[in-house]
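> Dock chain B against chain A, hints included.
Each protein sequence line maps, in turn, to chains A and B.
All letters in the first sequence, in the order written, are residues 7 to 296 by the numbering used here.
All letters in the second sequence, in the order written, are residues 1408 to 1780 by the numbering used here.
Derived from the structure by calculation, the hints contain no laboratory data.
Bear in mind the structure is a predicted one, so any value in this text is a computation, not a measurement.
Worth double-checking, as some hints may not be accurate.
Said to hold, decoys possible - Pair by pair, the computed Cβ-Cβ distance ranges are:
#1 B/1532 with A/72: 51 to 57 Å
#2 B/1434 with A/137: 40 to 46 Å
#3 A/72 with B/1536: 55 to 61 Å
#4 B/1586 with A/104: 38 to 44 Å
Unchecked claim - To give a feel for the contact side, a few chain A residues facing chain B, derived at Cβ under 10 Å:
#5 109
#6 192
#7 193
#8 195
#9 199
#10 202
#11 203
#12 204
#13 206
#14 214
Positions of the beta carbon are idealized from the N, C-alpha and C atoms, including for glycine.
Now for the letters of each chain:
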Amino acid sequence: MEDWKTNRNVFWTLATPGTLWLIAFFLVPLAFLFVLSFSSKAMIDGQISINQYDYFSGLTNYLRSFNPDIVSIFIRTLWWSALATLACLIIAYPIAFGICFAPDRWRPLLLMLIVLPFWINLLIRTYALMAVLRDNGLVNSALGAVGLGPLPLMNNTFGVIFGLVYVYMPFMVLPLYATIERLDKSFLEASLDLGGTQFQTFRNITLPLTMPGIVTGVVLVFIPCLGTFLTSELLGGTSSWMIGNVIQSQFGPANDWPFGSALSLLLMYATFAVLAVRAFLSRNSKGVDV
Amino acid sequence: MSSANMSDAPPSPDTIVSIRNVSKRFPGGVTAVDDISFDIAQNEFFALLGPSGCGKTTLLRMISGLETPTSGQILIDGQDMSLTPPNKRPTNMVFQSYAVFPHMTVADNVAYGLRVTGVAEDETKRRVGEALEMVKLSHLAQRKPDQMSGGQRQRVALARALVKRPKVLLLDEPLSALDAKLRDDMRMELTRLQETVGITFIIVTHDQDEALSMATRIAVMDKGAVQQIATPAELYEHPKSRFVADFIGKVNLIEGRVVSKKPNAVVLDVPSIGKMEMATKDLVGETAAIAVRPEKLKITKSEPKDAKLVKVKVAIRDVAYYGDTSDVVASLPDGQDLYVTVQNESREGGSGVERGDKVWMSWEPKDSLLLTE
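Excised from the complex, chain A in its bound form:
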């Protein structure tokens, strides 16, 4: 394949609308957020201005971010994202395996069923989920009919995590499916043939060899979980705010863009940390590409 070492002309491909789009609508706004995060609202005639800023006014916004309330919401966000990612992994692994071993003509259909929810707007899906989970929703009505419940299924931690798992499941299933599908089944057969039990085969062969898919799936689910605000807003209620809700409120009702910018950038740095861990795992993987 041609690369920039042999053909300098490939650099011209960078001067395409895609690049310009990214610069105009991604890099420039990001730079704006960065500047804003070091700013504060201007004082005009002894009053705090609504839309004027004092730029480069120090680290105030970052210091405010380490207020215990924000820190605890941040920790809660990490913890819930981790729980949701773990739940996704545990549920998605057998699903991906099942699809791989399904008869050829069933596979496209099964994969389509996994992707199908993407065709419907997230907001509508979340409202539909509320109809299922609320106190007089489908689940609790069914339980009520047999004299049980109602169970508290939303406006709590369970509701948020359930929503996250539901929304991000396809991001876990698809990379897992891709790796398991490529996995040479004769490795598993060789392990069985050499005396390994099904469990030993899974732990010693299947798991390490599908690690690339696991890592990709974890990254693809964990990162968007960190930035969630819709799911936690609708299924968790005000006592279940995640960092995304805080950021959203700064840009919305609280109208404190500098503070919102600082929180956004901190969240972005946390995301970079996750990606750094992934890169580290990939470098230390034993002959397996992560």
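Here is chain B on its own, set in the frame of chain A:
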């Protein structure tokens, strides 16, 4: 030799694998293996030979337990294996793709089968060392498979299977992924290993040279059934059917019509050659084929004197020069092509014939064979 009779007989004491009326039908109606019965003796180097899709690999996988027979029984060392999963069978397999675990070193690969079955670590170390010694890979013990050649990975797969000391070693097309030079080395290596370790080898191959040169006995398979089981020499010189004759080496099949039958012989009318009497003990139908190997045919410029010989005038259609030999294609008067292998005995002139030559072709009747199946 009916399969039903064989399966009722008790296995002889030196039988290690006994296959009894085994069939395998896959969902969708494909019958991969169709009611096969035979025994493999202790210490044999046994080959399952046949074209792709003949069911040989399925049969091997059923012996290993990776595939379950639809009906029939497989006994290993006298034990019925029907309910025994692959990890509990005294067999080990060398996979066609080698299936060397990419995330483990060579030593860990070889140790795997011992570790998962709880063999003590110091014994594992010792046996892994011995196994690597045996396949001459001791110096690469700490390598990863992706840093090794195909031939080396194959040796890892062999060591990994042999270290388990199986009663039967199963090899699925072990040489097919190697280049020609390595293939010859590995062929000798496998024969040597089999003699050293003294366990039964069952090898699956579609390559007749491989089977002929390594195996002590060969089962020729076609369409899920065993066509013939015999030693390499017997298969080559006494094939039972047109299929076996054609599959094992090159053969010329000349079809003829039966004109009269005698005890232990028939008279055939062969279009280009005339009436011929051939000895046979088989029941002969309306037609039969005369089979002659290319190297048994002689080409002479003038008509051979010997009255015993079968002789026919042919036209040379093509000559391919291979150095030591030449392959000559000669057309019978009715247009059928016969293949003749000619030794290039003198340095000048090669095969001595050229395209378009009209020459005499002859063979001794005892060098030909009557095939009825």
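> Are there hints from earlier that the structure breaks, and if so, what are their numbers?
none
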